[in-house]
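Each chain, written out:
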Amino acid sequence: MLLINCPWCGERDETEFSYGGEAGIVRPENPEILSDEEWGDYLFMRKNTKGVFTEQWNHSSGCRQWFLVKRDTVTYKIIDSYKFDRSDSENKGSK
Amino acid sequence: MQKNRIDQISEINKDKLLNFTFNGKKMQGYQGDTLASALLANDIKIVGRSFKYHRPRGIVASGAEEPNAIFQIGSGAKTEAGLKATQVDLYDGLIATSKKGWPSINFDIAIINDWMSKAFGAGFYYKTFMYPAKFWKFYEFFLRKLSGFGSAPDQKDPDNYDHKNIHCDLLIVGAGPAGLMSALCAVQTGAKVVIVDEKDRFGGKLLSSSEKINNIPAPEWAKNTQAILENSPNVTCLKRSTAFGYYDYNFITVCQHFKNHNLNQVKQRLWRVRAKQVILAQGAFERPLVFSNNDRPGVMLASAVSEYVKRFAVLPGRNIAVFTNNDSAYQTAIDLKQAGISDLVIIDSRKNNNSNAYLDVSSLAIEVKFNTAVINVRGNKHVDSIDLASINEATGIHDKEITQRKCDLLVYSGGWSPAVHLHSQSGGKNEWSNDLHCFIPIKSNQECESVGSCNGKWSLKDCLEDGLKKTKIILTNLEFDTPDVPLPEVEEKKYFSISPLWRVKSDIEPELIPKQFIDFQNDTSVTDIFLAVREGYENIEHVKRYTALGFGTDQGKLGNINGMAILGEVLGKPINEIGTTTFRPAYTPVSFGVCAGQDIGKFFDPIRKTAIHDFHDRLNVPFELVGQWLRPWYFPRSKETLYASVHRESLATRNSLGMMDASTLGKIDVRGKDAIAFLERIYTHDIANMSIGKCAYGLILGEDGMIKDDGVMARLDENHFYITTTTGGAATVLSWLEQWLQTEWPELDVYLTSLTDQLSTIVLAGPNSRKLLQKMGAKGIDSDELPFMHTAKTSINDLDVDIFRVSFSGELAFEVNVNSNSALSLWQAFMEHGKEYNITPYGTETMHVLRAEKGFIIVGQDTDGSVSPVDAGLGWMLSKNKDFIGKRSLTRKDSNKKNRKQLVGLYSVDKKSVVSEGSQLIKNKNKDKDNPVPMFGHVSSSYFSPILNQPIALALLENGRDRYDERLVAVSSDENEIEVIVTNPCFYDSKGERQNV
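Chains A and B, in that order, give the protein sequences.
In terms of my numbering, the first sequence opens at residue 24 and continues consecutively.
In terms of my numbering, the second sequence opens at residue 175 and continues consecutively.
One or more of the hints may lead you astray.
Unchecked claim - Here are the simulated DSS-like cross-link-like pairs (lysine-lysine), alpha carbons at most 25 Å apart as the crow flies:
1. B:K813 - B:K1086
2. B:K379 - A:K100
3. B:K847 - A:K93
4. B:K413 - B:K450
5. A:K100 - B:K603
6. A:K106 - B:K847
7. A:K73 - B:K603
8. B:K847 - A:K100
9. B:K379 - B:K413
10. B:K511 - A:K93
11. A:K73 - B:K525
12. A:K100 - B:K868
It is worth saying that the hints were derived from the structure and are not from the lab.
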């Protein structure tokens, strides 16, 4: 069971959290001008990375805050967890 | 009479005699015995019958690896199935029963399987009981009986179980020499330590050792160390506790068994341990040797025999042969000699050597036959003699010349395998050691270290040193001062030289000699491995599944290593290329009781009750569980049925006044200067043009364009909205809204607050609802002051309330929101003042009927995540003026294809039959004519409508809106075909005149 460091509350068991999938999927500015295929890419296509992966987690049974986690999908090691507003070049989860 | 009990210093307490029953026979043992040691003391040779061939079997081992002595323990509600006698501590009044063997374990009629065993190779069941397929239930009944699995209790378990969480710096698994040394080192630093061991005292193999530590006998050193640990406040000592699962982030589950518990105490406890570092010191398992009839009762592991002799003062034989390929069994011979056995021989498969072990036994005048193997065991129900032959050094095949030797106990040792189970579960890999001839753990993925014999350290000194050294490094890494703990002085025996012997080879085909067993619990023998390879199985995981190797509750602790090596031999590959099968939790079987802990009965899931619950409860109404909420289903008067009750409630509402507790609706307060911008993106309709005080029905879509949730939303002020969600969707919707706000649009100034518990909602519906409110003092709710789909604040009975004039029934209706603390009193006031209007409380069933009569959907019942607003007939709610979540998906090709299923209404042609929800809609009766029958849709809601006096249903039907007036047939598996007519889903008051008064 993962031990996740909520940037607001500290380390808690995985059971307190819910998973939000791949981070960095930005909602297109103008969905209307996209082709069906482009919209489908946004909607359905995910990387399924082997290795270090940035993902969204929600401390759903705690502070209800969403945050970002960098996790190795092979070893399950969590490398980093941080708030959305951290000025980080890789932090593209939010606009 | 305890025939095999000897006079010797041991761990048992001979002053405390315990009575127990084995298969109905009364026996006695002593305090400190396990069930296995007590059975051996009573000279019980046959403890069960084997799984497939029903061969007699005896006790082989002394721990978690025991494959044969598996019993039903206790009776009645407290009975437990499948416990290993080696892990059950004896108590007074214990009842043990064999579940294998009929009519008895001593005479089992199904031994016929053994005589016909050539027909019963691997895959026999797969190949034989395939046809005809429908006979399987019949076969299964008998096969299960024959297989002898235990019986589950047929009453509720009266025992208590619980869970406990613990965080520590260091978890030590196993309290043998390495584990104790590690703990002794850690205890001095003040680190928070948890040490667990399966047995009821610490020491492991030290307890039956003849070696010395710091000049005191090893068992005494173990006892002293245990006392030190138990007296240290920073150490939690868990005895009779098995670490059975190793999960991510050093999360380890431990099951603790309590001795002599009574019903008010806990029987077993699940410890959920989160450790910064883990030391694995689980020790090693001794391997059996593989030769013909090696499964006969009276053939036992050498270390187990030493343990029975030294810890329990039990001597299970008098004329004993020790068969080995390594030195460690020599110690057993010495132990037996010292216990007074003179008829003793060591049969060593290795070449003549002058090891310390050999010199030691020679000085005790114990005979050793080198270069010799036991090739067969004679005796039907118990060892009676053994066949010996010398082994050809070049070929490894035994000679034809055979000598026989009488014996009543054959002790064997095939060497040792480190218990790498938890290490492997942690994600660690294992590597074959050509020096040690076993798999040893290499680097773990987690913060854990294997020490002692589970790391391939065989000598006592090496175990202590390994434990001490690694613990010091770990403690330093944890930033504790490195403790100054010296390595104890050790007087040890270095008995660990080995030369592998994976099976005794013969120049005759394996099929033609008596079976050589590999896995006793599943009756897997050498011929099964040969057969599996002949049939094309090469991967160990496939061979395992085909032969059932390691499938028993011992999980192959005993037999797997021999199976892997023999597979390598047959395939001509070295064992490191064969590899191991996957080690998974649980290490030993764990009861359902301890997994569930206290989360049973009313603690299984939280129950949510509305503020008005007491009123419903006093009327003893039947409740429906919606999400975790208890909602009144209907309000029966005296012995009314559901049908009669719903009929009365629904007509009373339509004709005068009904009242419902709708407090379970999800309620969210939305504020902030960007509230409008936010809600525009969430809801499908236009928000900005809503005037203050206006309500609207709102749809929330997923980004895939499908209906996700619905509810009423109201604009309370410039930047202040109140929205409701479905009862079941409240938490999901709130979390989903938060996700958009926090992750996608953090720039929006919006605050969401759940009000679900703070506010209660009472629905008043029916033509007299306004009259009741006005009679009770509500102001400003006349039709011109508060038109349909508007909200107002007023007070009733001096209580501040928010009134929403919305309707889910199609009647003139008001949803009254009140502070939850006042909800019950307001409800009761409505009941009191509403008497003149025959106020009738109604439940969820009547609510469903009333809304279905109006064709209103229930998200999750009439939608299933694949229904778009257009499908549901709600296309008019989609704004053309803005983007919203899911909008783009509605113009995808698939969202606009022909033959999508659309919401329609159905009447039953006979005006009597109510179709079943879930029924499929097909064209004609006689459905078998066209096979497979084309299905056009399904029924999502179905009721008898009291006001229309006929059945109605809602359905999702291909091109439904183009098929009004068409006749179809609704079929379900459990009833007749019912003819229906397709119609508009709104059955009643389609112009909405009743709600607009």
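Results of checking the hints against the structure:
no. : hint             : in the structure
1   : B:K813 - B:K1086 : holds, 24 Å
2   : B:K379 - A:K100  : violated, 36 Å
3   : B:K847 - A:K93   : violated, 33 Å
4   : B:K413 - B:K450  : holds, 21 Å
5   : A:K100 - B:K603  : holds, 17 Å
6   : A:K106 - B:K847  : holds, 23 Å
7   : A:K73 - B:K603   : holds, 19 Å
8   : B:K847 - A:K100  : violated, 41 Å
9   : B:K379 - B:K413  : holds, 15 Å
10  : B:K511 - A:K93   : violated, 63 Å
11  : A:K73 - B:K525   : violated, 52 Å
12  : A:K100 - B:K868  : violated, 51 Å
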